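J.: So you can see what is in the structure, the chains are spelled out below.
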Amino acid sequence: MGEIGDVVHSEDYIYMCSDPGQLLIRNAIREEGLEGVVVACCSPSMHETTFRKAVKSEGLNPYLCEIANIREQCSWVHRGDEELATQKAAEIIRSVLEKMRQNETLETLTMPLTKRVLVIGGGIAGITASIDLADGGYEVILVERQPSVGGRLLQLSQTFPHLDDARCILGPKRGEIANHPKIKVMRYCEVEEVKGFIGNFDVRMRHKPSYVDWDKCSACGVCLERCPVEIPSEFEMGLKARKAIYTWAPAGDSGKPVIDRGRCRHFTDENCTICEEVCPERAIDYHQQERLSEERVGAIVVATGYDLFPVEMIGEYGYGKVPDVIDGLAFERMLSPLGPTGGEIRRPSDGRIPRDVVFIQCVASRDPERYMPYCSRVCCMYTAKQAKLLKRKVPGAQPYIFFMDIRTDSKGYEQFLQQTIEEEELIYLRGRVARVFREGDKVTVWGEDTLANRKVEVHADMVVLATALVPSQGIQDLAAKLRATTDKHGFLTEAHIKLYPVESPTKGIFLAGCGQGPKDITDTVAQASATASKIQALFSQDVLFQDPLVAFVDPEICSGCGLCVHVCPYEAREMDEYRRISRVHEALCQGCGACIAACPNNACELRNSKATQVFGMIEVFEEKRKRGSVNEGTRSGN
Amino acid sequence: MTSIFITLAYLSVLAIMGLLIYVIGFTAYSLVFGKPGRGTSAKRIAAHEGGEMYSYFPGCTSHSTAVEYDLSTKAVLKTLGVELVEIDDWNCCGAAAVHSMNRFLSLCLPARNIAMAQKRDLELVVPCAGCFNMLKRAERALKTDLDARREIESTIGFTYREDLTIRALIDMVVTGIGFRRIEERVQRPLAGLKVASYYGCALVRHPKTTQLDDPENPQYLDKLMGTLGATPVEWSYKTDCCGADLALTHGAAVVKLVNKIVGMAKEAGAQCLVCSCGLCQINLEMRQDVNALGLPVFYFTELMGVAFGLKGTDWWAKHMINPSALLGSLDLR
Amino acid sequence: MKEQGAGIELPERKAGHSFIQEVQDRCGENIRLCYQCLKCTAGCPTAPYMDFNPNTIIRMIQWGLKQEVLESKAIWLCVSCEACGTRCPNEIDIGVLMDALREMSLEQGYRAREKGIVALHNAFMASIRRGGRVHEATMLMEYKLRSRDYWTDLIPGMKLFMKGKIPLFPRRINGMDSIREMYRKALKKAETKRG
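Protein sequences appear in the order of chains H, C and U. All letters in the first sequence, in the order written, are residues 1 to 638 by the numbering used here. All letters in the second sequence, in the order written, are residues 1 to 333 by the numbering used here. All letters in the third sequence, in the order written, are residues 1 to 195 by the numbering used here.
If you are wondering where the hints come from, they were derived from the structure by calculation, not from laboratory data. As the structure is a prediction and not an experimental result, all values here were calculated from the model. Errors might be hidden in some of the hints.
[Unchecked claim] As a list, the in silico SDA-like pairs of lysine to any residue whose alpha-carbon atoms are at most 20 angstroms apart:
| no. | chain 1 | residue 1 | chain 2 | residue 2 |
| --- | --- | --- | --- | --- |
| 1 | U | K185 | C | R150 |
| 2 | U | K163 | C | R167 |
| 3 | U | K159 | C | R150 |
| 4 | C | K208 | C | R167 |
| 5 | H | K391 | U | K159 |
| 6 | H | K455 | U | K185 |
| 7 | U | K115 | U | D93 |
| 8 | H | K173 | H | E193 |
| 9 | C | K311 | C | L122 |
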């Protein structure tokens, strides 16, 4: 290689990436006044940064350092063919040299950074992330679409494995966000539109009209009592009714009421004004409008949580028509002291206390053919917990639990489960349930116990289904607004399942909680704190840095056809309407090259990978072929 | 003259009849009630100077199906200067049959032996693995179950002293006597003899009861064989049950189990097996497919006798698979 | 030879004391702890010859299937080798459990489907009762008569006799009073439990 004209220095060292190796490079730059460095080694994704740093430290522009990959793309794939591989390596190096000759000196791009965070979702994930970020000194906007924050944890009774009261866990946290000077909580509010990019998101929020002036409202509850409309409560999972004017959670959770416009008789036809009349603070305002607000933030945390797969869609378990067949969250409501039954376990059909209760695990989970293929992770634990709490409330009850496997993968879980089975005399039956149907005033369950090799028929008083966790309703729309990717089940995808599990591939979007995948509270909180940590790292600088190897437009040639704008997957191209040419948004551009290929006038190029450079590289390989070399036998495609 | 002849003839007929009646009656009586009177008295074996003494529980098979075990044990221990004192008036330990039918009885029977052994201040040594297991079970119950202990003590009429040590014979040989002393006595190392050490189940399980060696990969017999100059093979069926008394009722099952065990020993390169239990030895030899396998099964004390060069110690005729040929081929006969 | 029994209907109409509690009180093993890992069955030498596997027996006890368990062959085919109890992760000693089940089966008059082994054990016990030690010849004779299995092992038996391994005459120990007292008490216990 040293024999090539403009190569004034060539060196060979076994571990160029190590400190002594880098020193060799630096010395050479200094002593010989080099204007460019080509390192022939492993893949650029390994050590390009390392070498560019070394080069930069000697005062040479880092983008005048290029890597010739002669390992992954040469020696590793041509073992056994050493002579030819060596020839190919030489060609690779020469082609990179060719490219290097036309490289420009470039500077890393900087972008401004707004150090504020938007957290979408006010469940335990969103709350945790908000507190961590606010404690770190950053302003947080927490958006929650329901009238109260708290998420699913508000609905739970006691949590495994220590049976802490859910409200005791949540209470202090809610207090903290209410009082924290750096957290702005926006209840009953949804994200309408998101524009921009990391460090510079412009978010528009829609504040839904509650028709109640929350500043005036004293939460006395009289309007709730007097409202004539009854609707099945979403919070109580249909076990109780709410009114058209309602608070999200039962009284005692200090939420303020909202009016369900779609059901309220004032708005539908009848001009009912009962609540307005009885309100002692005169807080009802039927004329409230929705309002929009705008915020600029630097990062967004998506913490939208989960729903349960609806029982109504499961035919073999009754399509939701058997009243004594309920799902896990409904049973949680029953267990809760402020719940629809005042903490007593009662059959929804006739209110009697059940004795034989069947719990079915893996309902709509682990079911690739008909429902969800994945495991919902929390059901094994919460079923055991629910069975235990059932026995505490109804000492004569007998829980029967149908399972396929028992998954207890966190600290203390296995011990909790074994102890519960032993103490509470739970009966575990291994096998999926084929059918659940009503027979008289009982519910018949047809299952199998593989361990005793028998069919089992249980005449139960009540059946609790541990249905699959699915992402919260509306996630796909939100993801589209954020330009964040989701998988086919709607869970937000992470940038790398192992190495980057709390961020989206879309820069600036961070993921916490069940919106990314089913998990328990421990993992949710851990993930939320992780997002806060990542964002704080992001905000540790005052500007954002971006690689300058992006597309650029020659304004003289560009005809303003706009093809590049449509083709760009990152929305990094836009038309400058005034000058009628296309512009590159350097911060968003990822250098994929789609616009370069699309441009009919060759007005668009990639920095340091211009067409002339690329053709030059190809010429190097062509040379050999033209000279009729021995490479006849090798496969084409280099 | 005739009257004397007739009288004599008559008397002799009477005598013959009487003799016949006596013989038949005695036989019948014995069959039903057993020989009257004599229990066993303590037998002493001439002690060498400086030897130690142990109480000895022979077990029912020591005079019957495992007689060579008993004889070889006594001969070998005599050579090592160990004196065995058979405990007074010992009874059957109960074995598998009793503990399968009645727990209380299965504790009382061995407990009586413990009571007999307590009369002397000696450690109790038990050659048969099955008897050892029963005695240890009784010991465990006496130590841990207070109610059971009171009932057993009152039934038998003794007070349990917790200081009686019950040891299996192999344990006594390996940890009580020790390899050094055994090595000193080896005249004819068992060179070239590849032996698979078979422990069976009762010797090592349940570990909480027997507390002997390792229940999954015990080493006592292996190490002993090594000390005697033989080559113990590494194999995986050391502690797999032979089927015990299922041999009488489900012969086919036991044949399968035994052939698996012996077959695996052969595959591991063994020429014979060595064991420490009468029932195991007889099952392994009797139920083996002799044509396909034909591995003799020794009691470890028999091999000790061969290695010590003891004369008159060939009980090979008593084996179901005669090991003379094997020993002869290795010049150990 | 594995059986699949008839289906179970739950809840069972349990009369008084449940079977699982009865078994647990009897043998002292905590049956409820079994989580069906099947390590016991996997290591059991006689499981292939049983009508129900050891783990299945435990399952059936957990479900209160008293009659099926106490009439099964499985409990008699267990040779108490304790491979199961040694390896059970929940320290359930199945050998001890099987002993308890056998006792219960006899006391409560269940008709075991396994006749030969019961006959053998009875003959063994009778032999000890007579003289304090087992006398093989008379014991086997009794077993053959009880089980009506005359021809098995006739030749091997003769061989053993020719080698002098089957003593002709039984012995009797001095302490027969003690033995008789043990038997009397043990059988009385069985009687009271039957009631």
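J.: Checking against the hints above, which ones are violated?
T.: 2, 3, 5, 6, 7, 8, 9
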